[in-house]
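Given next are the chains, with one letter for each unit.
Protein chains: 2
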Amino acid sequence: MIYFDNAATSYPKPPAVGEALLRGIGEYGGNPGRGGHRLSLAAAEAVYDCRCTVADFFDAPSPECVVFTSGATAALNLAITTAVRRGMHVLLSDREHNAVARPLYRLAREGIIDYEIYPTGGDVVREIERRLRRNTGLVVACHVSNITGFLLPVEAIGALCRERGIAFVVDAAGSAGHLPISLSSLPCNALCAPGHKGLLGVPGVGIAILNGWEGKREFLVGGSGVDSLSHTMPSALPERYEAGTLPTPAILALGAGLRHLRHYGLARVMAEEERLRARLCEGLLSRRDLRVYEPDNRHGPLLFTHATVPPEEIAGRLDNVGVAVRAGYHCAPLAHRTVGTPPGGAVRLSVGIGNHPREAEEFLALLSRVLPETQ
Amino acid sequence: MIYFDNAATSYPKPPAVGEALLRGIGEYGGNPGRGGHRLSLAAAEAVYDCRCTVADFFDAPSPECVVFTSGATAALNLAITTAVRRGMHVLLSDREHNAVARPLYRLAREGIIDYEIYPTGGDVVREIERRLRRNTGLVVACHVSNITGFLLPVEAIGALCRERGIAFVVDAAGSAGHLPISLSSLPCNALCAPGHKGLLGVPGVGIAILNGWEGKREFLVGGSGVDSLSHTMPSALPERYEAGTLPTPAILALGAGLRHLRHYGLARVMAEEERLRARLCEGLLSRRDLRVYEPDNRHGPLLFTHATVPPEEIAGRLDNVGVAVRAGYHCAPLAHRTVGTPPGGAVRLSVGIGNHPREAEEFLALLSRVLPETQ
Chain R
1 MIYFDNAATS YPKPPAVGEA LLRGIGEYGG NPGRGGHRLS LAAAEAVYDC RCTVADFFDA
61 PSPECVVFTS GATAALNLAI TTAVRRGMHV LLSDREHNAV ARPLYRLARE GIIDYEIYPT
121 GGDVVREIER RLRRNTGLVV ACHVSNITGF LLPVEAIGAL CRERGIAFVV DAAGSAGHLP
181 ISLSSLPCNA LCAPGHKGLL GVPGVGIAIL NGWEGKREFL VGGSGVDSLS HTMPSALPER
241 YEAGTLPTPA ILALGAGLRH LRHYGLARVM AEEERLRARL CEGLLSRRDL RVYEPDNRHG
301 PLLFTHATVP PEEIAGRLDN VGVAVRAGYH CAPLAHRTVG TPPGGAVRLS VGIGNHPREA
361 EEFLALLSRV LPETQ
Chain C
1001 MIYFDNAATS YPKPPAVGEA LLRGIGEYGG NPGRGGHRLS LAAAEAVYDC RCTVADFFDA
1061 PSPECVVFTS GATAALNLAI TTAVRRGMHV LLSDREHNAV ARPLYRLARE GIIDYEIYPT
1121 GGDVVREIER RLRRNTGLVV ACHVSNITGF LLPVEAIGAL CRERGIAFVV DAAGSAGHLP
1181 ISLSSLPCNA LCAPGHKGLL GVPGVGIAIL NGWEGKREFL VGGSGVDSLS HTMPSALPER
1241 YEAGTLPTPA ILALGAGLRH LRHYGLARVM AEEERLRARL CEGLLSRRDL RVYEPDNRHG
1301 PLLFTHATVP PEEIAGRLDN VGVAVRAGYH CAPLAHRTVG TPPGGAVRLS VGIGNHPREA
1361 EEFLALLSRV LPETQ
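First to last, the sequence lines map onto chains R and C.
Quick note: the first sequence uses my numbering, first residue 1, plus one each step.
Quick note: the second sequence uses my numbering, first residue 1001, plus one each step.
Derived from the structure by calculation, the hints contain no laboratory data.
Heads up, a few of these hints could be off.
[Unchecked claim] If the Cβ cut is set under 10 Å, some of the chain C residues that face chain R in the computed set are:
(1) Glu1218
(2) Ser1224
(3) Pro1249
[Stated by the list, open to error] Label-pair restraints from in silico Cβ distances:
(4) C:Arg1126 / R:Arg134: 51 to 61 Å
(5) R:Pro180 / C:Glu1155: 35 to 45 Å
(6) R:Asp114 / C:Ser1235: 21 to 31 Å
(7) C:Glu1313 / R:Ala108: 31 to 41 Å
(8) C:Glu1064 / R:Val309: 43 to 53 Å
(9) C:Glu1019 / R:Ala365: 29 to 39 Å
(10) C:Ser1235 / R:Ser368: 20 to 30 Å
(11) R:Tyr48 / C:Glu1019: 20 to 30 Å
(12) R:Ala108 / C:Glu1064: 50 to 60 Å
(13) C:Ala1267 / R:Val370: 50 to 60 Å
(14) R:Val309 / C:Ser1062: 34 to 44 Å
(15) R:Ala159 / C:Ser1182: 34 to 44 Å
[Stated by the list, open to error] Partial chain R-side listing against chain C, Cβ under 8 Å, derived:
(16) Leu22
(17) Gly30
(18) Pro61
(19) Ser70
(20) Pro103
(21) Val221
(22) Ala250
(23) Gly265
(24) Ala267
(25) Val269
(26) Ala271
(27) Pro295
Owing to the predicted nature of the structure, the values given are computational and were not obtained by experimental measurement.
Beta carbons: idealized from backbone N, C-alpha and C, even for Gly.
Required output: the full structure, derived from the provided sequences and hints.
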């Protein structure tokens, strides 16, 4: 199989990831932070070790900044809902995934915030600056678009936000594990990412790295292991936002994924993915019956449509010859509108560390077979 | 090791649970509901199969009622926050875990609800009935106390709630997998449980079985795989409450845990756990320096304190001889207050399917060694 759906979830996982899952119910099978016996303490230490690995991978100021959530969606819901206060004005880009847009739509429907969408076609920082109001309290940006790999200037956006004292949330779902991200040079207050995409872990865990976070409220609340007598969650990070039992197996799997990435080398991942993407892009562009959206991007997914054959049909034909791609809107209707796909969306190819260079040629040949070029 | 901390998380897991985790990143390693290729469809089918297994295990009206969450805490946050409307009066028992109490404390602090705590010492249904107001819209009860195994008459409470048109949420964290639960005889609108305790799955997944649920609002929002163009989550269950990528490995592990339970037989689990618990209880009661709280309960954990040695110290000494128990408040300060433990809480023993009958005598001998009876 040629798996080009790494933006949905990376596949296959490094063998160490499976081993970590099993350790999470074996030697680390106790409930971390919920007991003083050796099995619980071992689990707590293993989880803390992964927290350190995450902090180290992203140059976070401390492991305590790393909040484990159930996924990127929960991380973004956490960051967005705890950042806002009533009457706040919020800016989001025209590339955002529904995991960013829907929490904001909801807050707006409830009358808590106003939001505005800034365009990313031109000078993004300037577009944001023009839209700032006295009550603008939050800017959200994806780092890399999940449909075309469009790269937002998050460092510059972050610098503007820091200068103006505005919270900045970055959705790194499309970049974490594919591009270097250092919180020492990226001034953001919350960096959110899933464990199971570029970071090579499994679904069931995500991260919100909170840096100088002024949480306006609690998020999920419940057992915290500490301060049990209090009516509120503990005020310290990460406990404040980690109610209930942590998903040890998925956390350990994420740690294993990060160690694999570190060992493999992020520079090598980037170079390999970029080369494969470029070759695929070239092949798609050579066909006059296909339209490739934003072909000049260097990272992330490739998005295309055919002159007449619908995306779902193309994805189905590719599946029949053993190629996994994803058709439709990719939970990012804003981004689809921005790049101008037709109703029904487009076909997305997303490469990953598990792909082999030869798969570009193989894919292009299979595509020609199931979708012969129309003249 | 003698593992008597099954109320924190069950240990060890059946071998099939580890195998299911690996299948969740192998043959079912696609993103379920996020693509039409075979790997994604296989994952979606495997997840649906687990939904059916859960529905079948609890006699739920349909697999669509089964909402997968990140755990029982998220399930209870979901049920409680989507059940209430402004001005509502809510009743919770004096046995509730912080996963129930803290969401309600928070809603009360925000001025959205009033809550009242009903006592469980006497005729519970009557105590609830006396507290009903015109605006009472929600009653919450744990099925089995997570500290002493106290059993609440949830069927009768549910009947009252149904009669009065009040939503009823059951926290089954302490009972699921230990006692039979059938939604055909238990009239509740939401049954919440973790995957990793009695159901023998792993941390990272929980369930909220919603039955005749009138959700007043959305919960976590984000990508839904379907209806991507909408600003809101899909209205149908389970999609409405399942934003973002589902934790396939943990879901498959839960399915494996349930199949193990079904094969082993819940009646046998109950009989074995009851026998072991009774023998432990008898041994604890035979010592005059220990106080056992509610020794007449037949299920769930055993809770005790020593005349002079603090719970943490006892748990530490037991750990030194290879016995895992949990000391403190067990995230249930309400329940501790109800049963009257001193400051610092108590020591909890919680047995499970993984324990051997001989561990009762072994434990009691070890306890006598590390904590000789004082006269």
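Evaluation of the provided hints:
Of the supplied interface hints, the one on Glu1218 (chain C) holds, with its beta-carbon coming within about 6 Å of a beta-carbon of chain R, less than 10 Å. Here the hint on Ser1224 (chain C) is kept, as its CB sits about 7 Å from the closest CB of chain R, short of 10 Å. For Pro1249 (chain C), the shortest C-beta to C-beta distance to chain R is roughly 5 Å, which falls under 10 Å, so the interface hint holds. Between Arg1126 (chain C) and Arg134 (chain R) the Cβ separation comes to about 56 Å, which falls inside the hinted range of 51 to 61 Å.
For Pro180 (chain R) and Glu1155 (chain C), the Cβ-Cβ distance of about 58 Å falls outside the hinted range of 35 to 45 Å, so the restraint is violated. For the pair Asp114 (chain R) and Ser1235 (chain C), the supplied restraint of 21 to 31 Å holds, since their beta-carbon distance comes to about 25 Å. The beta-carbon spacing between Glu1313 (chain C) and Ala108 (chain R), approximately 54 Å, falls outside the hinted interval of 31 to 41 Å. Under the hint 43 to 53 Å, the C-beta atoms of Glu1064 (chain C) and Val309 (chain R), about 33 Å apart, miss the expected range.
The supplied range of 29 to 39 Å is met by Glu1019 (chain C) and Ala365 (chain R), whose beta-carbon atoms lie about 37 Å from each other. At roughly 42 Å, the beta carbons of Ser1235 (chain C) and Ser368 (chain R) sit outside the given window of 20 to 30 Å. One distance hint, 20 to 30 Å for the beta-carbon pair Tyr48 (chain R) and Glu1019 (chain C), holds here, with the actual separation near 28 Å. Between Ala108 (chain R) and Glu1064 (chain C) the C-beta distance comes to about 29 Å, which lies outside the given range of 50 to 60 Å.
Checked against the given bound of 50 to 60 Å, the beta carbons of Ala1267 (chain C) and Val370 (chain R), roughly 54 Å apart, stay inside it. The beta-carbon spacing between Val309 (chain R) and Ser1062 (chain C), approximately 37 Å, falls within the hinted interval of 34 to 44 Å. Taken as a hint, the range 34 to 44 Å is violated for the pair Ala159 (chain R) and Ser1182 (chain C), whose Cβ atoms sit roughly 59 Å apart. The criterion of a C-beta within 8 Å of any C-beta in chain C is met by Leu22 (chain R), whose closest approach is roughly 5 Å, and the hint holds.
With a cut of 8 Å, the hint placing Gly30 (chain R) at the interface with chain C holds, because the nearest CB-to-CB distance is about 7 Å. At a threshold of 8 Å, the smallest CB-CB gap from Pro61 (chain R) to chain C is about 26 Å, leaving the interface hint violated. A cut of 8 Å between beta carbons decides the hint on Ser70 (chain R): the least distance to chain C is about 3 Å, and the hint holds. A least Cβ separation of about 5 Å between Pro103 (chain R) and chain C falls short of the 8 Å threshold, and the interface hint therefore holds.
Interface hint status for Val221 (chain R): upheld, as the beta-carbon distance to the closest one in chain C is roughly 4 Å, under 8 Å. Annotation: Ala250 (chain R) was flagged as interfacial toward chain C, and the flag holds, the nearest CB pair being 5 Å apart, inside 8 Å. Among the interface hints, the one on Gly265 (chain R) is violated; its C-beta lies about 23 Å from the nearest C-beta in chain C, farther than the 8 Å criterion. Hint on Ala267 (chain R) is violated. Least Cβ distance to chain C is approximately 26 Å, over the 8 Å limit.
About 19 Å separates the beta-carbon of Val269 (chain R) from the nearest beta-carbon of chain C, more than 8 Å, and the hint is not met. The interface hint given for Ala271 (chain R) is violated, since its Cβ lies 25 Å from the closest Cβ of chain C, which is over the 8 Å cut-off. Among the interface hints, the one on Pro295 (chain R) is violated; its C-beta lies about 23 Å from the nearest C-beta in chain C, farther than the 8 Å criterion.
Going through the hint list in order, the structure does not satisfy hints 5, 7, 8, 10, 12, 15, 18, 23, 24, 25, 26 and 27.
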